[in-house]
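Enquirer: Chain B: place on chain A using the hints.
Taken in order, these protein sequences are the chains called A and B.
Start counting the first sequence at 81; every next residue gets the next number (this note's numbering).
Start counting the second sequence at 81; every next residue gets the next number (this note's numbering).
Incorrect hints may have been included.
Each pair may be met inside one copy or between any two copies, as identical chains are not told apart.
Within a straight-line C-alpha distance of at most 20 Å, the following computed EDC-like cross-link-like pairs (lysine to aspartate or glutamate) qualify [what the hints assert, rightly or not]:
{"#": "1", "residue 1": "Lys101", "residue 2": "Glu142"}
{"#": "2", "residue 1": "Lys530", "residue 2": "Asp274"}
{"#": "3", "residue 1": "Lys130", "residue 2": "Glu142"}
{"#": "4", "residue 1": "Lys212", "residue 2": "Glu107"}
{"#": "5", "residue 1": "Lys259", "residue 2": "Glu532"}
{"#": "6", "residue 1": "Lys530", "residue 2": "Glu510"}
{"#": "7", "residue 1": "Lys312", "residue 2": "Glu494"}
Hints in this document: simulated from the structure, not taken from any laboratory.
Number of protein chains: 2
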Amino acid sequence: MAKNFTTREENYSQWYNDIVKHAQLAENSSVRGSMVIKPYGYAIWENMQKVLDQMFKDTGHENAYFPLFIPKSFFSKEAAHVEGFAKECAVVTHYRLKNSEEGIVVDPDAKLDEELIVRPTSETIIWDTYKKWVQSYRDLPILVNQWANVVRWEMRTRLFLRTSEFLWQEGHTAHATEKEAIAEAQQMLEVYADFAEQWMAVPVLKGTKSPNERFAGALDTYCIEAMMQDGKALQAGTSHFLGQNFAKAFDVKYLSKENKQEYVWATSWGVSTRLIGALIMAHSDDHGLVLPPKLAPIQVVIVPIYRKQEQLDEITEKVQGTIKALRAKGISVKFDARDTHKPGFKFAEYEYKGVPVRLGVGPRDLENGTVEVARRDTLTKEVMDMEGIELKIEALLAEIQENLFIKAKDFREENSRKVDSWDEFSVEIEKGGFLYAHWDGSPETEQKIKDETKATIRTIPLDGDEEEGKCIFTGNPSSKRVVFARSY
Amino acid sequence: MAKNFTTREENYSQWYNDIVKHAQLAENSSVRGSMVIKPYGYAIWENMQKVLDQMFKDTGHENAYFPLFIPKSFFSKEAAHVEGFAKECAVVTHYRLKNSEEGIVVDPDAKLDEELIVRPTSETIIWDTYKKWVQSYRDLPILVNQWANVVRWEMRTRLFLRTSEFLWQEGHTAHATEKEAIAEAQQMLEVYADFAEQWMAVPVLKGTKSPNERFAGALDTYCIEAMMQDGKALQAGTSHFLGQNFAKAFDVKYLSKENKQEYVWATSWGVSTRLIGALIMAHSDDHGLVLPPKLAPIQVVIVPIYRKQEQLDEITEKVQGTIKALRAKGISVKFDARDTHKPGFKFAEYEYKGVPVRLGVGPRDLENGTVEVARRDTLTKEVMDMEGIELKIEALLAEIQENLFIKAKDFREENSRKVDSWDEFSVEIEKGGFLYAHWDGSPETEQKIKDETKATIRTIPLDGDEEEGKCIFTGNPSSKRVVFARSY
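Here chain A stands alone, though its shape is the one from the complex (with noise of 0.2 Å):
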């Protein structure tokens, strides 16, 4: 099946394109930068969906809904917001659709008289909200989460990585203290970590963005970032400290213990379907995607291989206690007994939709009572008993999901270099990769760096040491290295 794709080598773009188009996981729909997510690629958000609001929920966040419109007004309520987002908005101008002779047309009628705007993000609906809710601290804090589908217009987009409309999850926060705010937000981050790595085996720099790059209305932008096979940068996550930015914007206020008026302080973080993009350049390889086992829609496919009806009658018959046994320690089995398509035909197309392990069981394992074992992240195969074989499947399953992480990780490793002079940084940036440089704390010059290399401050590391330096582009002296790279 994965013959005729093309690999990453000959061409990194069409390779992610072939994976998200033969894996079925997404496609391009009619409207204009809008995808259609398919049952198998909607399977592998559900399960982060799942995994996360348990996350969100063991620390204390309940869901909510908010609307999906906004007024436009409420956008010009917080300057730099507007800023970020005025650019890329659907506006709805009318609420009717009439027959004319030129055949369905919009009423003009009906013309709203204030513009409504399809949600880029919901902090400004929200904060309005937040209003109604907040009178005392006794009512802080309002720990918030809603999963819902937001739009920006973009010019250029890509499946999962840039569409009009993405779905993802948006926790807007509501604190008394500047200090609460901020541990929520450092929270939070670390929940997102924690997922990419434990969950997606996706190893993640922690840190916070540069003024350049921080999330419009933020007084700081924390963030996680990966590293993808071809050296880029990919944002997975981030969780922004807001201030009190909304909350005067929208004149939230609250009376403390001390029966004073004060403003409330402020978070948001969310991800997105984004992440099933990070996840197939993460680990994908030239044979088509692989999944980390913890978020595979399918662990484990067992695959029939037989002539006669009464062979598969017997092998579906046998494989029933092993089935059994996989479900029970709650392991995701397909057994694919369809008679349309050959044994050779299945296991291609398993191993390009990156089911982490395939069974094979013909005549001949019947008879030895083996089955053969196919881990997808390596490509090989072994014959095993078939007594007993869950056990040694959930093993597996674990060391598959640990592989990934690992081979990720040392691929971040290799490709992650200091770099101390300008002459440097000008032709290591041309190798891709995370470049960790001096810099001397100004937008300017992150501006012009962007300017002539197309590399943006990615993350400014948490764990990074203090270290006396200078700035590679100005020489001005700087404390600390900060990570460049290009970026999705």
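Expert: Frame of chain A, contents of chain B only:
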């Protein structure tokens, strides 16, 4: 807490609004017709989603996601469909804002060539997609569902019952034969009826809609219809047999086993956040919300009764075993040790929020090894031994669930009656409830009855007996009684 709230007798409509507001289920937003679903209301929706989603998967369906925006021209392709939805569409006409002297305005240079409709339902965009997915009979059936938000521009809105934006699921299936599609539509009706009766404890009539009440584009609409406490009907779920209408509109054909090109057969089916409105109006009383245990976010609340911190500590320690034992049974428990509110306030709060079982534990209970058990449905209290209380509570929750269903069913039976003449009908319809009457099968007759009485045919019952009779309005012959009522 409930003392200042309106009773059903005084003002049924206000009673409903009070419950939605004061039980903190939802509120109106600053966006006309759009609601904010608050955490407690959203938790009910999450419970509904979890159960329904599993039911859909158990019947072979997968989830996917399709675009929010639909090109205007798609609507024109199915004549009845555009007729049904054109009058209530949110229309996106521009994709950018800009700064001007008057502030932030819509950028006239960013006008879309073709307007986009915010989906009121997704048949058109989905069938445009299915065209790419279907070539041969091997590609069928497609059994897909999506959880999504939709927008219908309603002029008069009520929280949960009718809002411009609401949350729902919409199943869209494609089949090789008419028989299979009808079987699917009927199967999903059964799923909805099971959910309503077994989980919501709301008895429903299963039937089909008359042509006037059919979905725009359907050949047949199956529905479940429930009775609210004011005697009005509420449509709680619909499942449509769409015939080949959308396949023809979007040219979706498949190559049959007999090597012939055939149009594909379709169904669609959905339930929405409206179910929360049904839940409220089916069970609640003048003391507030009453929730069926199987969908209650909090099934058991434990309220400590104490004066001194030592007493609270002692109670807290004592109830740990009970909390653990209840949770081991999958029962959700909240222990409310807030020191900001008195026990009396908490009792009233949980009563108003419809928590099925409340446990009160005070110093005397500690001495005696007892606990006060209050059930929300009957408002009765009983002192029981704390030892082994989890078994009694488990049984009690099942009893409350059943009791709510029986009560609602009895109410429906008491308010359902046969009527055989127009005079009788005109009098009885004013009293509310379901009227079983003969109808001559003509849409014009139904329309005239509606114009005179505001009553419509809610359903043509699937299990109704064949019975010769005369139409109450025209006297023309009829072979079966249908159900008339006023409705939400």
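Enquirer: Each of the hints needs a verdict: does it hold here or not?
Expert: Status of each hint after checking the structure:
Taking the shortest alpha-carbon separations for Lys101 and Glu142, only the inter-copy value of 18 Å comes in at or below 20 Å, while the best intra-copy value is 35 Å. For a Cα distance limit of 20 Å, the shortest separation of Lys530 from Asp274 qualifies neither inside one copy, at 30 Å, nor across copies, at 60 Å. In this homomeric assembly, Lys130 and Glu142 come within 20 Å of each other (Cα to Cα) both inside a single copy, at 14 Å, and across copies, at 16 Å. Taking identical chains as interchangeable, the C-alpha atoms of Lys212 and Glu107 lie at most 20 Å apart only when they sit on different chains, with a minimum of 10 Å there against 41 Å within one chain.
Taking the shortest alpha-carbon separations for Lys259 and Glu532, neither the intra-copy value of 39 Å nor the inter-copy value of 65 Å comes in at or below 20 Å. For the identical chains of this complex, Lys530 and Glu510 are intra-copy neighbours only, at 13 Å inside a copy versus 74 Å across copies, given an alpha-carbon limit of 20 Å. Taking the shortest alpha-carbon separations for Lys312 and Glu494, only the intra-copy value of 13 Å comes in at or below 20 Å, while the best inter-copy value is 69 Å.
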